[in-house]
Amino acid sequence: MSLPSELWLHIAKYLSTDAIKDLYVLNQALFHLSMDARYRDIIFDDANDRMAYTLETLRNTQFASRVHSLHIDSHIFQPQLDNDHGSNDSNGDAPHGKVGKSKFRKFTRRIFGTSKPKENGIQSFNVQPAGPETPVAQICDDLVEIIPLLLNVRTFSLSWNSSQDFPAPYIEVAWKSFRQNLLEFNLTITSAKAVALFPLPTSFPHLEVFTIHRLGKTSLEACDLALATFTNSLSPTLKKLTVRSTPPRTLANFYLKLDYFHNLSSIDIDVSCDVGNPPGYATFIDQQSNVVQDLTLYLTSDYSKSWPPVLPPFGLSEIRLLKLEKLFISGGLLDNSWDHVLRYLRSHLKTLTDFKTDGGGLMADSKLSSFLEVFHHRNPYSTLTHLSFFVTELDNKILDTLAKSLVRLEGLTLSICSVYPQFVPTENYPRDLKHESAFVRGLRSTQSLKRWNLSDITIKRRSCCGDIILWGLMRTCATCIPSITSFMGNGDRDIPSPSNKPPKHVPTVKGLPHICRYGIDHNLL
Numbered sequence: 001m002s003l004p005s006e007l008w009l010h011i012a013k014y015l016s017t018d019a020i021k022d023l024y025v026l027n028q029a030l031f032h033l034s035m036d037a038r039y040r041d042i043i044f045d046d047a048n049d050r051m052a053y054t055l056e057t058l059r060n061t062q063f064a065s066r067v068h069s070l071h072i073d074s075h076i077f078q079p080q081l082d083n084d085h086g087s088n089d090s091n092g093d094a095p096h097g098k099v100g101k102s103k104f105r106k107f108t109r110r111i112f113g114t115s116k117p118k119e120n121g122i123q124s125f126n127v128q129p130a131g132p133e134t135p136v137a138q139i140c141d142d143l144v145e146i147i148p149l150l151l152n153v154r155t156f157s158l159s160w161n162s163s164q165d166f167p168a169p170y171i172e173v174a175w176k177s178f179r180q181n182l183l184e185f186n187l188t189i190t191s192a193k194a195v196a197l198f199p200l201p202t203s204f205p206h207l208e209v210f211t212i213h214r215l216g217k218t219s220l221e222a223c224d225l226a227l228a229t230f231t232n233s234l235s236p237t238l239k240k241l242t243v244r245s246t247p248p249r250t251l252a253n254f255y256l257k258l259d260y261f262h263n264l265s266s267i268d269i270d271v272s273c274d275v276g277n278p279p280g281y282a283t284f285i286d287q288q289s290n291v292v293q294d295l296t297l298y299l300t301s302d303y304s305k306s307w308p309p310v311l312p313p314f315g316l317s318e319i320r321l322l323k324l325e326k327l328f329i330s331g332g333l334l335d336n337s338w339d340h341v342l343r344y345l346r347s348h349l350k351t352l353t354d355f356k357t358d359g360g361g362l363m364a365d366s367k368l369s370s371f372l373e374v375f376h377h378r379n380p381y382s383t384l385t386h387l388s389f390f391v392t393e394l395d396n397k398i399l400d401t402l403a404k405s406l407v408r409l410e411g412l413t414l415s416i417c418s419v420y421p422q423f424v425p426t427e428n429y430p431r432d433l434k435h436e437s438a439f440v441r442g443l444r445s446t447q448s449l450k451r452w453n454l455s456d457i458t459i460k461r462r463s464c465c466g467d468i469i470l471w472g473l474m475r476t477c478a479t480c481i482p483s484i485t486s487f488m489g490n491g492d493r494d495i496p497s498p499s500n501k502p503p504k505h506v507p508t509v510k511g512l513p514h515i516c517r518y519g520i521d522h523n524l525l
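Just so we're aligned, residue 1 is where the sequence shown starts under the UniProt record's numbering, counting upward by one.
What the hints contain is simulated information worked out from the structure, not anything from laboratory work. One or more hints might be untrue.
Claimed, not checked - Computed cross-link-like contacts, DSS-like style, restricted to lysine-lysine with a CA-CA straight-line distance of at most 30 Å: (1) K257 / K239; (2) K367 / K434; (3) K434 / K460.
With the hints as extra help, turn the sequences into a complete structure.
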C-alpha cells in the first residue's frame, strides 16, 4: 500500500489486537505491529504441532526478542501423556493452531496474497504450522534451548497441577535466564512440588509482582515454609502479592512467616479458613500497615471442601492502614462481620477512594443505609469516588439513593441478577423490548440522576460460565445520567465487536460436554 507508514500506525491504534495480528501482509510497518501482537504473550498449554512451530519460529532472535510474557503449563510434559513420544492430541481434536481463518484474514490474503514482507532481507516464517506432529520429548528439549533466547521476558507464569514430580529441566533454565529482567512471576503449584522446587537456586533482584496459587491438601506446613522463604527474598522490591489456596485451606502459617516488605503497596490474599485469634492474615497486614494502599480480602464461596468449614473472623477492625486507598472485601466476610467491617471503613474514611465487594450483603437495607451514612458526601472528609457491589434486582430506587448520597462518585460497577420487576436482561436490553419497561420508565423520571456527576459505569450479570456485559442497559443509564462518558473504565462509550466473548473453557461433567447457556439464559422476550 502507498500510504505513509505513520498513517498506518495511527490507524492501528483503533484496531483490536486480533485484527492487528492479521495485518502482517500489508506493509513493513504493520508487519512489525502484527508480529509484536503475535509474539508479545506466549502461552504453552498444549504440547502439539502448534507449540513446536512456535518454538521453531523463536529460534530467530528477531522474533524471540518480541516475547514479553511466557506461560508454561507443565502438565503437558507429564510422562503418561508422552506415549511412544507421540502427540498428546490423540482425542481427535484439532490442534490449537489449526483454526478457521477469520473473515478479515481471508480478505487481506485475497487482496495482498500470502507472502509477508521481508525482514532484513530474509523472508519470514509462514503463519500457519505445517508438517508432521512433533514428539512431546522433542518439544521439551526445544523449549530448553529456546528459553535463553527470550531476553525481554518480563512476566513468567508457571502452572504445575500434576501430583507427579517428573523432570522439568526448562524450569531451572528459566530461573537463570529470566532472573535479571523478570518483573512479574505467577506460580500455580502443588504443595508437594513446591517443597521439592524451593528454595530456588537463584534470586530475582527486580521482581515486583508475585502470585501464588497453592494446590493440594498435603505437605502444607512444609510448603508454607518453602514459599515464605522465597517470598521473603523479594522483600526489597516486591510491590504486589497475591495468594490463593485450592482446595480452601488455612494460609495462616504462611502469613506468619513473612517478613516486612519495604514497597508492598498491594496485597491480595486468601483469608479462607484462617480462624485464629488474631488471624494470621491480620498479623501480616498489620506488619505492612504503613505501606499498603490496595487491599483485597478473598474468601471462597464454596465451603463444602474447606477445612475448617467455618467462616473466618474479620480481624482488621483495630488495625489502621495509613495509606489505604482501595479495598475489596468478599461478601461472605462482610456478611459475617458487618459491625467490625463498618468500624474499619469508618476509620479509613479520609483515605479510602475505592470500595468493592461481591455477594448481596451490602444491599440489605440496614447495611446500605449504614454504609452510606459513613461515606455520605455531605461529609467533606469522605473521599469515596469508586464503588462496586452486587445487587440481586436493580431498580431506579437504588440508583436514586446512590445519586443523592454519593454526589461525587466517579465510577460505579454493578453486578446484578435481574432488573425490576424480576426480569433477566439480554446484553441489548432494553432495546430488544417491544414496550418500555417499568425499570426504564423509573430511570427516566428520576431527577437526581440528571444532576449526578458519575462519569463511568459498568453493569454485568453472571451468565452460565462467565460474566456478560449489559451494554444496552449501560447505554440507557447514560441517557438518564448525562455525565456518563465512559463504560467499563475505557474512557469512552464505544461498544467492542464482539460485545461479549463466550468463556474459552467450558467445564464438563462426567465426561459429557457441558451445555453452555452463556448469553442465552435471559427471559424470553
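Results of checking the hints against the structure:
no.: 1; hint: K257 / K239; verdict: holds, 18 Å
no.: 2; hint: K367 / K434; verdict: violated, 37 Å
no.: 3; hint: K434 / K460; verdict: holds, 22 Å
Checked against the numbered hints above, the structure violates only hint 2.
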